[in-house]
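Make a model of the complete structure from these sequences and hints.
Protein chains: 2
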Amino acid sequence: MADLGFIGLGIMGKPMTGHLLAAGCAVHVYDLVSETVLKLASQGGLACSHGREVAQKADIIFIMVPDTPDVEAVLFGRDGVAGGARPGSIVVDMSSISPIATKEFARRLDTMGVKMLDAPVSGGQVGAENATLSIMVGGQSEVFRQVKPYFEIMGRNIVHVGDNNGDGQTCKVANQILVALTIEAVGEALLFASKAGADPAKVREALLGGFAQSRILEVSGERMIGRRFEPGFRIRHQQKDLNVALQSARSLGLSLPGTAVAQEMFNAVVAQGGSDLDHSAVLLALEALAGHKV
Amino acid sequence: MADLGFIGLGIMGKPMTGHLLAAGCAVHVYDLVSETVLKLASQGGLACSHGREVAQKADIIFIMVPDTPDVEAVLFGRDGVAGGARPGSIVVDMSSISPIATKEFARRLDTMGVKMLDAPVSGGQVGAENATLSIMVGGQSEVFRQVKPYFEIMGRNIVHVGDNNGDGQTCKVANQILVALTIEAVGEALLFASKAGADPAKVREALLGGFAQSRILEVSGERMIGRRFEPGFRIRHQQKDLNVALQSARSLGLSLPGTAVAQEMFNAVVAQGGSDLDHSAVLLALEALAGHKV
Chain A
1497 MADLGFIGLG IMGKPMTGHL LAAGCAVHVY DLVSETVLKL ASQGGLACSH
1547 GREVAQKADI IFIMVPDTPD VEAVLFGRDG VAGGARPGSI VVDMSSISPI
1597 ATKEFARRLD TMGVKMLDAP VSGGQVGAEN ATLSIMVGGQ SEVFRQVKPY
1647 FEIMGRNIVH VGDNNGDGQT CKVANQILVA LTIEAVGEAL LFASKAGADP
1697 AKVREALLGG FAQSRILEVS GERMIGRRFE PGFRIRHQQK DLNVALQSAR
1747 SLGLSLPGTA VAQEMFNAVV AQGGSDLDHS AVLLALEALA GHKV
Chain B
1497 MADLGFIGLG IMGKPMTGHL LAAGCAVHVY DLVSETVLKL ASQGGLACSH
1547 GREVAQKADI IFIMVPDTPD VEAVLFGRDG VAGGARPGSI VVDMSSISPI
1597 ATKEFARRLD TMGVKMLDAP VSGGQVGAEN ATLSIMVGGQ SEVFRQVKPY
1647 FEIMGRNIVH VGDNNGDGQT CKVANQILVA LTIEAVGEAL LFASKAGADP
1697 AKVREALLGG FAQSRILEVS GERMIGRRFE PGFRIRHQQK DLNVALQSAR
1747 SLGLSLPGTA VAQEMFNAVV AQGGSDLDHS AVLLALEALA GHKV
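Residue numbers (the working numbering), protein chains in the order written: chain A, 1497 to 1790; chain B, 1497 to 1790.
For the record, the hints were derived by calculation from the structure and aren't laboratory data.
Be a bit skeptical, because a hint or two may be false.
Copies of the same chain look alike in the list, so a pair counts if it works inside one copy or between any two.
[Claimed, not checked] Under the rule of at most 20 Å between Cα atoms (straight-line distance), these lysine to aspartate or glutamate pairs were calculated in the EDC-like manner:
(1) Lys1698 <-> Glu1638
(2) Lys1698 <-> Asp1659
(3) Lys1599 <-> Asp1695
(4) Lys1644 <-> Glu1701
(5) Lys1736 <-> Asp1772
(6) Lys1535 <-> Glu1625
(7) Lys1736 <-> Glu1568
(8) Lys1644 <-> Asp1499
(9) Lys1553 <-> Asp1575
(10) Lys1698 <-> Glu1714
(11) Lys1535 <-> Glu1549
(12) Lys1599 <-> Glu1568
Note that the structure is a prediction, hence the values are computed from the model and not measured.
Right under this line is the structure:
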């Protein structure tokens, strides 16, 4: 059995590492917060002092950190993974970051004989805790096959999106574009219904039976009507993911007019102090524009 | 059994009237195109010379015409329904028009003792032909109960949205806001995936398993990937429905930023000559902005 590494032991990485340990894997762990490392060590994790040490000891190194610069620092920064990884090592980045930067990171690792997969997830904290994450994977099939058994310990819906590095991140970005715009759509539809004097709960019900049906109308629509905006998936994470989408789009030479408007609406909720609310709270920005509540 | 009337015998009204006739109803029919009236008469319809005559002979008068001004003309124009309807008559407008104008029409009819329901449909030509329309109804419960048996002959998913005149139209507008924005979302997501080098078909498949799932991702997403843009639901109808949404929003004092952007994208497809394509062809506008095809 391969020796594993896990770098980034936050609200996602900690339970994911816990599942690997519970399955009997040897996991070398590291986080910027040493207290977290000690906590994992008490559950059987093998504590390391930096990413380089993790890479020296592990064959497959999982990374779960917040954003693109964090992944870059973990890989190529001081005491980073690149300083310890050996030819044949596999780096699996499960963070949600730029697909373009991902391709570049994979290219740099490849010159050292290190293989990379990008494997961002959806399902959030609850999915991480219950091992029900969806995992979208980009990278060579042969490498995917080697890592798949570990993905299956951490998640449920594992899709190999494509052989290119970055295909998993691209899929995650597409997911976030679709989620953000659909939530805004539900907000505009229910706000219109309410302002025009209809019962938004009745309207939601009626629409669920037709072509406009979506899981987001079901789940986020119900949150909007009940004004239940505790997270869930936080506005500031949605904002960060749309930032990846819009920056990547600009780099690729792509215009995403709907996504740009949706991001401005999320920005407006943050301006109102709502960065830790659920993303369905985009309704608050639309309500502010209208001076009317659903 | 009540005598029925049906005004507007186009691609929707004709098959709907056909179902009422097949169920044994007496239906007094009228259309601006006299040829169409004769065709329905050959199927057992009772031909009339104008809407006023329909209203004189029928207890319940169904209307199915393209837009708000058409309904106004049918009701209050020369030889219109208002000239023939009696106290106790019921007008059922199944067109998709402005909820605000609908409230006004209902108020005017009410002063004459005539009751009104608004009952726009979704499901299009296929739904009309197969009697599988969804019907969203606004108006008094008691009136709804009288008309419901006839709705059940023409459709399948019959929802009484609320007691206010206009609630059905409001629900339809909400539906069209949601549909238009979700289609644009699917277009932006798949275009991003393609431009970033992933396989959009694989991405669609992966996303169908998660929170971004929707009937529109399933149906319109597949059309976009296969470039099958024959209608379906035509861009020009989507454009007209969003026009109702945006005009109503302005009247109500409501800002719908996402819907406005979506309308501009549909406008762009029309500018390219695509007004009779399926609404999933909004992808063509996004592709034009990107200089890249999915």
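message: Cα distance capped at 20 Å. Does Lys1599 pair with Glu1568 within a copy, between copies, both, or neither?
response: Result: close within a single copy only, 12 Å intra versus 59 Å inter.
query: Within a copy, between copies, both or neither: where do Lys1535 and Glu1549 come within 20 Å Cα-Cα?
result: For Lys1535 and Glu1549, only the intra-copy Cα distance (18 Å) is at most 20 Å; the inter-copy one is 84 Å.
query: Checking Lys1698 and Glu1714: alpha-carbon separation at most 20 Å within a copy, between copies, both or neither?
result: within (12 Å within a copy, 25 Å between copies)
task: Please work out whether the CA atoms of Lys1698 and Glu1638 approach to 20 Å or closer within one copy, between two copies, in both situations, or in neither?
output: between (51 Å within a copy, 18 Å between copies)
- prompt: Given a CA cutoff of 20 Å, do Lys1553 and Asp1575 count as a within-copy pair, a between-copy pair, both, or neither?
  reply: within (14 Å within a copy, 89 Å between copies)
field: Identical-chain pair category, Lys1644 with Asp1499, by Cα at 20 Å
entry: within (15 Å within a copy, 67 Å between copies)
query: Is it within, between, both, or neither for Lys1698 and Asp1659, if the alpha carbons may be no more than 20 Å apart?
result: between (45 Å within a copy, 11 Å between copies)
- prompt: Should Lys1644 paired with Glu1701 be assigned to within, between, both, or neither, using CA atoms and 20 Å as the limit?
  reply: between (40 Å within a copy, 19 Å between copies)
- request: First find the shortest C-alpha distance between Lys1599 and Asp1695 inside one copy, then the shortest across copies, and answer within, between, both or neither for a cut-off of 20 Å.
  value: Answer is between; shortest inter-copy Cα gap is 16 Å, intra-copy 48 Å.
- request: Tell me, please, which holds for Lys1535 and Glu1625 at an alpha-carbon limit of 20 Å: within, between, both or neither?
  value: Within. Shortest intra-copy distance 16 Å satisfies the 20 Å Cα cut-off; inter-copy 65 Å does not.
query: With identical chains treated as interchangeable, where does the CA-CA distance between Lys1736 and Asp1772 reach 20 Å or less: within a copy, between copies, both, or neither?
result: Close inside one copy (13 Å), not across copies (38 Å); limit 20 Å.
- prompt: From the Cα coordinates, with 20 Å as the cut-off, is the pair Lys1736 and Glu1568 best called within, between, both, or neither?
  reply: within (16 Å within a copy, 49 Å between copies)
Hint compliance for this structure: no hint is broken.
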